[in-house]
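2 protein chains.
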Amino acid sequence: MTQPNDLLPEGLEDRLPLEAARITAAMRACLDVLHAHGYDRVRPPLLEFEASLAGRMAGAVAGEARAMFRFVDPASLRTLALRSDITPQIGRIASTSLKDAPRPLRLAYCGDTVVIKASQLDPARERLQLGAELIGADSVAAASEAVMLAVEALGAAGLTGISVDFTLPDLVDTLAAKALPLAPEQIAAVRRELDTKDAGGLKAAGGAAYLPLLYATGPFASALAALREVDAGGALASRLDGLEAIAASVGAMSDGAARITLDPTERHGFEYQSWFGFTLYADGLRRAAGRGGTYRIAGSDEPATGFTLYLDRLADAAPQPEPARLVFLPLGHDHAAAATLRALGWRTRAQLAEGEDPRTLGCTHILKAGGPAELEPRQ
Amino acid sequence: MTQPNDLLPEGLEDRLPLEAARITAAMRACLDVLHAHGYDRVRPPLLEFEASLAGRMAGAVAGEARAMFRFVDPASLRTLALRSDITPQIGRIASTSLKDAPRPLRLAYCGDTVVIKASQLDPARERLQLGAELIGADSVAAASEAVMLAVEALGAAGLTGISVDFTLPDLVDTLAAKALPLAPEQIAAVRRELDTKDAGGLKAAGGAAYLPLLYATGPFASALAALREVDAGGALASRLDGLEAIAASVGAMSDGAARITLDPTERHGFEYQSWFGFTLYADGLRRAAGRGGTYRIAGSDEPATGFTLYLDRLADAAPQPEPARLVFLPLGHDHAAAATLRALGWRTRAQLAEGEDPRTLGCTHILKAGGPAELEPRQ
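For the protein sequence lines, the chains are V and W, in the order given.
Heads up: the first sequence runs through residues 167 to 545, numbered per the working numbering.
Heads up: the second sequence runs through residues 167 to 545, numbered per the working numbering.
Among the clues, some could well be false.
[As the list claims (entries may be wrong)] With a Cα cut of at most 25 angstroms, we get these calculated DMTMM-like pairs of lysine to aspartate or glutamate:
(1) W:Lys283 with V:Asp239
(2) V:Lys534 with V:Asp523
(3) W:Lys283 with W:Asp482
(4) W:Lys283 with W:Glu179
(5) W:Lys265 with V:Asp523
(6) V:Lys283 with W:Asp239
(7) W:Lys534 with V:Asp206
(8) W:Lys363 with W:Asp336
Please keep in mind that the hints were generated in silico from the structure rather than gathered at the bench.
So here's chain V without its partners, still in its complex pose (with noise of 0.2 angstroms):
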């Protein structure tokens, strides 16, 4: 016997009925989200030119644009290649069609994106990415507007237990240049030292003054105090008031019920943020939710503030959408009153010939002369 599974490719999976409603539920619930807040989707296509992809991805996320499925367009002679985040679209647009629209922009967008490889910690090769992008602007407010949608959106979504992460991607760059200074032929190693917190390899790297940042991690107000320990001559003073008017704004926003943290030193999926990014993470779910931060779009090199959420992913930890009911209509039935029941949010499913069974085809419901009456659940 052919298992289902055996018929799609690894990474690749169908979403059946019930899984498909949770995500449809959450889709349509973090794009109201966008929407209210005044950000208008835009739909970027599932192909583009791949040196216009790969070319929108700024020099750090190379490894994502190696990352597509490519294939030679007949129409053009050129590659295509199928995207593996929509991000870079929307810098695109910004840049081009939209670069006569006012600033600060804010733009919404959802769709499918491949990996032509899957990760370790993540099998799947397709994700509904959703995502909203506030083009013109990488400020404290615009920062804290991306943080308090985003745990809007996934609060609407029906997650629980929201926390977020914060980061600061260019905390190396910024200490080495100023306040701990280390040769540039160092600030790589020390890096990838922080990257994987090993005390004693940050040592041995030159990077022994570091070393306190491995502590500065944790509940916000903690890790906020050790890391201004740690900036001694003041060099991150304006990164971290920002850190901290974020937090304010999103503790007054959430009434505290998103938790907050950081980890300044966390660059993994940050390749491409300036001074600020941020994983959400929730209950249920063993990976983020979702992340984004402040960028300059590749290019035009304006400022930017945004979030991506996995859409397929969060869906997991999503509750599942109270089914309606659902009334079997039959043969013959009054077709005005089953519209009737549908305009007040019941659904329908009609007899098509004799011999069907209301409750095998799952419905709780009959349609009778007096209105629907309800299936006794079977025994």
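Put chain W on the given structure of chain V with help from the hints.
Just chain W now, kept in the frame of chain V:
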């Protein structure tokens, strides 16, 4: 200067906010209709093994299979294809994961599809396909439900002047086998001349007896009467009775709002349909809004009925959604008041920095202490 369109391959385009809003509104309206009628959404992946996708496209749709972008999957070393049609994927799901689900099984879908080569009639290579499939039935009742559902979906999307053109995809085969015999080698030629509606060619091809079919087209009642006259031996009687019953159902449902026509020899786009096919049109659309019909699922040979709508295409003729009132939230605004407005259906845009002009940002109102105040339109 690079023009924005130079950045995208032929037949692929960005949908900017106004157009994207029309597509989103039409999509939700159509999906809500399918959901209300008991169709459960599923989400198959963008990519599959080419052999699996092509094998699910019935023989006659080999052209469609050739229309897919293909590339080698480094994970499996097998050829993958980017789907050009979601219908075969629904057939696969119905025959595998949902093979034991009770019939009739009602499934809905909506997603992006891509063809490698545009047609002369439609330069788009990416299409947003939405549809419904009724698995396990290809009866008159099933066909009536599919047509009614499609018409209701188009109406919900705001289209007007909806018309449905019925066809009988296996008409020539049926007549050739019984009432108007043709030698096997004549059938293809007669079909071809009927396709081009060439009376002279039809006679030359030995299909003189088929000439009246060229005139059995147009408004449903008169075309059906003409077709009944052709059907001297009654070979088509059950099909014609079926068409009449479907037309009566649609007429009753739509109060005659949907015009019905008949073009019994139309085969283009119906290569995999069995006895019944239909094409949907609406005011303001140069091309069809969608099509559907009865068919057998390739592989399992299970009977099914369904239809497809091309959302991006039909959104061209859908009304622009009423813009929501858009409130500018000045620095230091009352967050609770803003949240209340959003809950009431207003959209908000928050000020990020000094010097922003609410009207430049598209706002119609500004939040003041007493609530939202309308902004004077700029002179």
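(request) Starting from the hint list further up, note which numbers the structure goes against and sort them upward. (result) The structure conflicts with no hint, since it agrees with every one listed earlier.
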